[in-house]
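Visitor: All chains, please: the whole structure from these sequences, using the hints.
Residues in the sequence shown are numbered consecutively from 1159, following my numbering.
Fair warning: there could be bad hints in the mix.
Listed below are the simulated EDC-like cross-link pairs for lysine to aspartate or glutamate, each with C-alpha atoms no more than 20 Å apart in a straight line [said to hold, decoys possible]:
#, residue 1, residue 2
1, Lys1440, Glu1197
2, Lys1170, Asp1208
3, Lys1440, Glu1379
4, Lys1440, Asp1407
5, Lys1440, Asp1473
6, Lys1455, Asp1407
Hints listed in this document are in silico derivations from the structure and should not be mistaken for laboratory results.
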Amino acid sequence: MADNDEGREGVKVSSTVTRVFRGDRLESVHRAHVVVLEEGRLAGAEGDPDAVVYPRSALKPLQALPLFVSGDPARLGLDDNQCAILCASHSGDAGHVDCVRTIQRAAGVLESALECGPHQPFDTEEAQRLIAVGESPLPIHNNCSGKHTGFLISCARHDAPHSGYLDPEHPVQLEVCDLLGRLTDIASTDLEPGIDGCGAPNWPLPLSKLAALFRDLANPERLPAELRDGAGRIFEAVNAAPHFLAGHDRFDTALLRATPGAFLGKCGAEGVFALGVRASAKRPAFGIAIKVEDGAKRCYEHFLPHLLADIGLLDRTEPTLAPFFDGRIRNTQGRVIGHLESIWDPAFADNATGKGDGL
1159 MADNDEGREG VKVSSTVTRV FRGDRLESVH RAHVVVLEEG RLAGAEGDPD AVVYPRSALK
1219 PLQALPLFVS GDPARLGLDD NQCAILCASH SGDAGHVDCV RTIQRAAGVL ESALECGPHQ
1279 PFDTEEAQRL IAVGESPLPI HNNCSGKHTG FLISCARHDA PHSGYLDPEH PVQLEVCDLL
1339 GRLTDIASTD LEPGIDGCGA PNWPLPLSKL AALFRDLANP ERLPAELRDG AGRIFEAVNA
1399 APHFLAGHDR FDTALLRATP GAFLGKCGAE GVFALGVRAS AKRPAFGIAI KVEDGAKRCY
1459 EHFLPHLLAD IGLLDRTEPT LAPFFDGRIR NTQGRVIGHL ESIWDPAFAD NATGKGDGL
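Guide: See the structure below:
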C-alpha cells in the first residue's frame, strides 16, 4: 500500500506510488495524487483527490470541444486523423505536420497565424532531418499546433481576429473557459488561468473534477444534449487514429491502440494524465486522473497500466503496452540494472465493480 501522510492541519499530501530500484536498493521515489471515479462514486484515491492541478495538455479534448460542437470539422470534411490532431500533443513527424497543414488549407487558415511558437519535434527522425538540412523548427512542429489551428478556425465563428487569439479575454478562450466551468460546476469567474507552454490559457482544477470531466467526455450521454455529438466525434476520432493524438512510442497512442473504442486518455506536461473509460455491458464508466508531484511521466506510464490491469480494464499481456508494463531499467550497454515498482491501495481494485470483467 502506498504511504499517504497527513500534512499540517490535516491537509493530505501525495502518496509514494512508484519506487525506482538500482539493483535491490531503493534509489528514488515518485509521489502522486491519484483519483479513480466509478460512475458517480469515488472508488479509490492516493494522496489528495481534490488536489488542485494544472491539467496542461490533458485539457485539449475540452479545448477542442467547442469547435466540434459547432460542426466545423464536419463542414470542412475533416477525417479521423485530422479530427484527432486537433486534440493532440503530436510528435511533429512528417505525417503530423502534413495533417495540420491540410486542415489549415481546408479552413483557409494561414500557418503564419500560429502563435504557439516552435520547438524541436518530439519525433527523432523529423528532428534529425531538420538538423541535417540546416532548418530550424517551425511553430507547426509544436506539439500543440493542431489545437492552435482549431482555435484559429473558431475565430471565424466569433467574428474575432486571429491576432491575440491566446488572450484569456479573446472570445475563443472565453468560450473554452465558460464550457470548462459549466462541465466542472465551477463558476467561470472563479477560474483563474495560468499560461501553458504554448501560450494558451490553462485553468487549474481539482483532480477529481478532471477525472469526472474525462469520464463524461468518454460517455457523452452524461453531457448536456447539445454537446454529445461533438464529444462523441472526438472520442471516435482519437480511437480511430491514435497515432495522431501523440505518436510513435508514445503512451497515449499505445494505450488507445490497446483498447480500441474503450478509452479517452490524454497526457499533460508535469506528470498529468487523465483517462475516461466508456461504459459497456462489461464495465461501468470510469474517470481516472493522476498528477505526479515531480512531473515525471515515467511514473504514470508504469503506474497506470498496472493499476488498470488490477481493476480489470487492461490485459497485462497486451503487446502494445509491453514497454510500459515492463519496469526493467537498462543502462547504455543494454544491461538490466534496476526496475520500477508501482504500488497502490488494494482497495482500488476491491472497490471497483468492474474488476475482472475485462474490456
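Visitor: Next, verify each hint and record whether it holds.
Guide: Hints and how they fare:
no. : hint              : in the structure
1   : Lys1440 / Glu1197 : holds, 14 Å
2   : Lys1170 / Asp1208 : holds, 9 Å
3   : Lys1440 / Glu1379 : holds, 18 Å
4   : Lys1440 / Asp1407 : violated, 29 Å
5   : Lys1440 / Asp1473 : holds, 14 Å
6   : Lys1455 / Asp1407 : holds, 13 Å
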